[in-house]
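Residue numbers (the working numbering), protein chains in the order written: chain A, 13 to 504; chain B, 13 to 504.
Take these hints with a grain of salt, some might be off.
If several chains are the same, the list does not tell them apart, and a pair holds so long as it fits within one copy or across any two.
The list that follows gives simulated cross-link-like pairs (lysine to any residue, SDA-like), each with its CA atoms no further than 25 angstroms apart [claimed, not checked]: (1) K187 <-> T99; (2) K187 <-> T356; (3) K187 <-> R210; (4) K498 <-> N286; (5) K187 <-> E410; (6) K187 <-> H203; (7) K184 <-> A405; (8) K187 <-> L403; (9) K311 <-> Q436; (10) K184 <-> L403; (11) K187 <-> D371; (12) K119 <-> S398.
Just so you know, these hints were derived from the structure itself, not from any lab.
There are 2 protein chains.
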Amino acid sequence: MTGVSRRRLLGTGALTAAAGAAMSALPASSARAAAAVSADVVIVGAGLAGLTAARDLVAAGRSVIVLEARERPGGRVYGLPLGDGTTSEGGAEFIGPTQDRIAALTKEMGVETFPTYNTGKNVYYRNGRRSLYATDGILGAVPPDWGVVDLQLALLSLGNMAKEVPVGEPWKAPKAEEWDSQTFHTWSRSHSLSNGARFLMDAFISSTLSVRSRDVSLLYVLNYVASAGNETSPGNVDRLINTRNGAQETRFAGGPEQVPIRLAARLGDRVRYNAPVRRIASTSAGAAVTADGITVTAKRVIVAMSPAVASKIDFTPALPASRLQLMQRYPMGSIAKFVGVYETPFWRAEGLTGQAIADSGVIDVTFDNSPPDGSRGILMGFINQSNIRRLDAAPPEEVKAAALDSFGRLFGDKARSPSLTAMQRWDNETWSGGGPVGVAAPGVLTDFGAALRAPCGLVHWAGTETSGHWTGYMDGAVRSGERVAKEVGTAL
Amino acid sequence: MTGVSRRRLLGTGALTAAAGAAMSALPASSARAAAAVSADVVIVGAGLAGLTAARDLVAAGRSVIVLEARERPGGRVYGLPLGDGTTSEGGAEFIGPTQDRIAALTKEMGVETFPTYNTGKNVYYRNGRRSLYATDGILGAVPPDWGVVDLQLALLSLGNMAKEVPVGEPWKAPKAEEWDSQTFHTWSRSHSLSNGARFLMDAFISSTLSVRSRDVSLLYVLNYVASAGNETSPGNVDRLINTRNGAQETRFAGGPEQVPIRLAARLGDRVRYNAPVRRIASTSAGAAVTADGITVTAKRVIVAMSPAVASKIDFTPALPASRLQLMQRYPMGSIAKFVGVYETPFWRAEGLTGQAIADSGVIDVTFDNSPPDGSRGILMGFINQSNIRRLDAAPPEEVKAAALDSFGRLFGDKARSPSLTAMQRWDNETWSGGGPVGVAAPGVLTDFGAALRAPCGLVHWAGTETSGHWTGYMDGAVRSGERVAKEVGTAL
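Kindly generate the complete structure, drawing on both the sequences and the hints.
Encoded structure:
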C-alpha cells in the first residue's frame, strides 16, 4: 500500500475518492492485519474472470477491489516452476479458433502466441501396441476398420444433437429432459458397438473434462460441444479435440499466465493476495466481504470462482436453495500435469508431434510443451482422473517413476531421462478443488443450471463455468468476466 | 461454564484434568468471545452422530468437546414449532424394525414411541383421479392390471441385485462398475414398460431420497436397499417403503428430537452451541479446531456432518484429493415438510390412514402426524425436490395456499382449513444444506466412496452418510457415532 505501488494502478480508471481514501488511510504495516476498505464492487477471485471484470468496471469508472486467496493471480492459469528459474504450462495451456475474447485480451496484454508443435505423426498406444497416425483428432487413432465407421456415426449423432442445444442454456433444449436423464456412458454404449470407438469416446471425455464418461450427463457433454464456438460459428466436436483448427492449436510465449499476471499488474493494489474470502454478508446498505486480513464493503459483489469452491464461503443471508444446491452439484474434474525437460525435442527428429493417446500407464495424453524456438524439449503428460486418484497417497518419486515409464513407452528410452521434471496436481489444490472445469451429473443442468449465472441479491457470479461459449476454457472465463461487468454496471 | 452447568456433565465419564482445568480457567463472561479449551477429542456437529460419539468417548473416560453451529442439538432431527408452544416433526420422524441402534438410544434416553397411525386406506392421486388402496407400500397403489406385474418384476430384480451389494461398501459389488455407470432413471426405464410402474419407481426414489430418479446412480439405490436392515436381517425394498414392518412404522412421543436433546443435556457444557467450525488445522502436536467464539485443541477430530456441509470447513493441511472431491460429489436432496393442525384427525373417521401418494400438487406424500392420543389432528405433507425448487422464490403465503390445496384434493375440504400451519424447508438451510441425506450420482461411490469413512490424518468422519446399515436414517447416524468412537478410541 505504498505510493509506489499505488502508481501502478490502471490508467483507464481510478479508484473512487472514497475507496482511495480508505486505502490511503491504512498504514502499510497493518494493511494485512485488519484492513477495512470500501469500493463500488468487490470481486472474489483474481483468475481471468475476476480480473477481466475488474478491468471493465475500472474502465467504466468504478472502484474495485479484487480479493484473491492465493499469493498469485491466474487461478487455473499457472506457470509451473521447473526448478531452473523457468516455467511450463501447469494449468490452462492452449488457445484456438473462435476463442475471440481471450485472444483480444492476450493482444491487449501484449502477450505473443505461437503454433502448438504439430508436425509429424501422433502416437496411439492401445492394448500393448504402439502405432502412429497422421490424422488430427481422435478419429485418426482408430485402426482403419469398421470401428472407424462406428465412431464416426456416433460422433455425427453427437454433433447433430449438440446443434439443438442453446449455447449456455442447455436446459432449454427440446430434448433436455431425455438427454439429462442419462450419463454419457449410457449414451455412448447404446450408440456404439466396437471397443475402439468406445475407448476413444471415453478418451474424448477424459481429455476434455478429466472425468469418466459415467460422471457426466449427456446433456452436459452436448452443451460442451455446442459451447466450442462463437456467435457466428457454432461449436462442434472437431474444434474441441483437434490441435490444427482446434482448441489446442496455439500456445502462449512465456505461458498463458502472462495474461493474468500483466492484467493484475495493471490493476495494481486493487488486487489483494493471500486474502481468502470467508464470508459475504449483504444488507440493504450493501455487502461486507470478509477475507483473511481484510474486510471490504461494497455495493455489489462478484464471485468469480467455480461453484464448488464458492461453496466454501459463508453467505448471509443464506443463498436461495437453487444456488446452494447447485454448488453441491458441480464438482471439479481431477487432473494433474507432468512435464519432463530434455536437451532437445528429440521426438521431432523422429517425425513425431509429441502428441499421444494411451489406454494404459499413468499418462494418457501428451503434448509438446517446448518453447517457441525449440531450444529445448519439454514433454507434457496429462495424468487423468482415474490415474491421479490411484496415486492419491503415492510419494512423488513413485508418481515420477510411473510418469517417466509412460513417456518411455510412448516416445522411447530417451524420454525416460529428462534433466528436469515437475508436476502440478489440481485435484488436491484447495483453491481450485480440481480441474479443468466443473461438471454436471444427470439432472443438474435441467434442475439447477439457471442458478449458475442468476444473481442472488447483491451477489453476481462469474467464472468459466458460467459462460455460454467456451465454458471450461480461458475464453469462457474472459467472456464471463465481460458479461458480469456489464451486469453489475447496469445494477449499480 | 458455571459450576451449576458443570454439574450436569455425564456421570459415566468425566473431563480429563487437562481439559477440565482449561475449561475452568475460562471466565464465564468471555467463554463465548474467545474461548480456548483442549480435550482429547473435538467433535464437529451435535446431531445424533456427533452426540453418540461423544457419549461413547466420555463413557470410555475421554474428554470431549462438541461444537455445534446451531443454537440447538439434533441436526436434521428437529421439532418444528407450530406457533402454540407445541411442535411437530420437522425433520426425521420415524423408526422401524432393524433400526436397533436408534432404538437402544431412544430407550436409554427414556423417550417413548408409538405406532404410526396406519388404520384404514391410503389415498392414491394420479392423473386427476383419487382412489383408495389398502395394501401397505407402493405396490398397493397400482391399479390391479398388468402394471402391477410390471412393477413387481422390476422391484424383484432390484431386490435381487441389492443382495449382491456388500452393505456400506457398494464399490465392492461384483457388478459395481456396471451399476455405477447409469442413473436409476436409465435402469428403471429399461426394466419397466408401464407408466404406472415408472411413476411409482420415481415416487420410491423421491419419497426416500428426495431427488429425482436421474439424480442418483443405480448402485447408490441398490446400496440404499441393502442398507435397510441389520447384521442378521438383510435390507429390502419393502422395509424401506412400508409403514407396517417398515421404516415408517413407529413415531416418537414428543418428537424424535427428544433423543438428541436429552443426550446433549447429559453431555452438559461439553456441547457448545452457536459455534460453527471454520477451520481444522492439524500438526504433529495435535489438531486445532476454530469455531466462531471458541478454539479447541485436541488429539483427534470427529467431523460428524454430511460431506456436502463438511466441505465448507477449511482444512490444513489440505485433505487428500479423494476426500476433497468426494465432498464436491455428495449433494443433499431437496425437501420441505408442511403440517396442518386440525381439531381432530377427521380422516380417521372416514377410514383413512392419512397417508397418500400424489402425482400432482406441491405435496406428493402425506402422513398422519397427530399426537399419540389423537387429541388433535396433524397432517404432514412432504414437498419434494421438484416442487420445493419451483417454490424457491415464492412467498410463504403462496406455498401455504398450494400445500392446503394439495391437502384438500387428497383429504377433502376439511383439510383446507387447519387452525395452524408450519413449514420446515431444508433445501435452503445453511447447516444441513438439504435433506434427508447426501446422494451419489453415477461414478461417485465406485471412485470416491471409500473416502466417506477413511480417516484423514487426525480427522475422522461420522454422520448417517458414512453408515453401512440404515444410511440416511437416524439409525445410521447413531451407528456412525458408535463406529467412529471405537475408531478414535483405538487411535488415541
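For this session: Please work out whether the CA atoms of K187 and R210 approach to 25 angstroms or closer within one copy, between two copies, in both situations, or in neither?
Result: both (24 angstroms within a copy, 19 angstroms between copies)
For this session: Check K187 against L403 for me: Cα-Cα at most 25 angstroms, and say if that holds within a copy, between copies, both or neither.
Result: between (39 angstroms within a copy, 24 angstroms between copies)
For this session: Classify it for me, K187 with T99: is the Cα-Cα distance of at most 25 angstroms met within a copy, between copies, both or neither?
Result: Answer is neither: 45 angstroms inside a copy and 45 angstroms across each miss the 25 angstroms cutoff.
Problem set entry | Alpha-carbon proximity between K119 and S398, which holds within one copy, between copies, both or neither at 25 angstroms | neither (37 angstroms within a copy, 46 angstroms between copies)
Exercise. What label fits K187 with T356 when the C-alpha limit is 25 angstroms: within, between, both, or neither?
Worked result: Neither: 51 angstroms inside a copy, 48 angstroms across copies.
Problem set entry | Within, between, both or neither, where K311 and Q436 count as close if Cα-Cα is 25 angstroms or less | For K311 and Q436, the Cα distance exceeds 25 angstroms both inside one copy (37 angstroms) and across copies (32 angstroms).
Problem set entry | Status of L403 relative to K184 across identical chains (alpha carbons, at most 25 angstroms) | Between. Shortest inter-copy distance 20 angstroms satisfies the 25 angstroms Cα cut-off; intra-copy 40 angstroms does not.
Exercise. What label fits K187 with E410 when the C-alpha limit is 25 angstroms: within, between, both, or neither?
Worked result: neither (46 angstroms within a copy, 31 angstroms between copies)
For this session: Indicate which option fits the pair K184, A405 if close means a Cα-Cα distance not exceeding 25 angstroms: within, between, both or neither.
Result: between (42 angstroms within a copy, 20 angstroms between copies)
For this session: Give the relationship of K498 and N286 under a CA distance limit of 25 angstroms: within one copy only, between copies only, both, or neither.
Result: Classified as neither: same-chain Cα gap 27 angstroms, cross-chain 39 angstroms, threshold 25 angstroms.
Exercise. Can you tell me if K187 and H203 fall within 25 angstroms by alpha carbon in one copy, between copies, both or neither?
Worked result: Cα proximity of K187 and H203: in one copy and across copies (17 angstroms, 22 angstroms).
Exercise. Which holds for K187 with D371 at a C-alpha limit of 25 angstroms: within a copy, between copies, both or neither?
Worked result: Answer is between: at 22 angstroms across copies they meet the 25 angstroms cutoff, but 33 angstroms inside does not.
The structure does not agree with the numbered hints 1, 2, 4, 5, 9, 12 stated previously, though it agrees with the rest.
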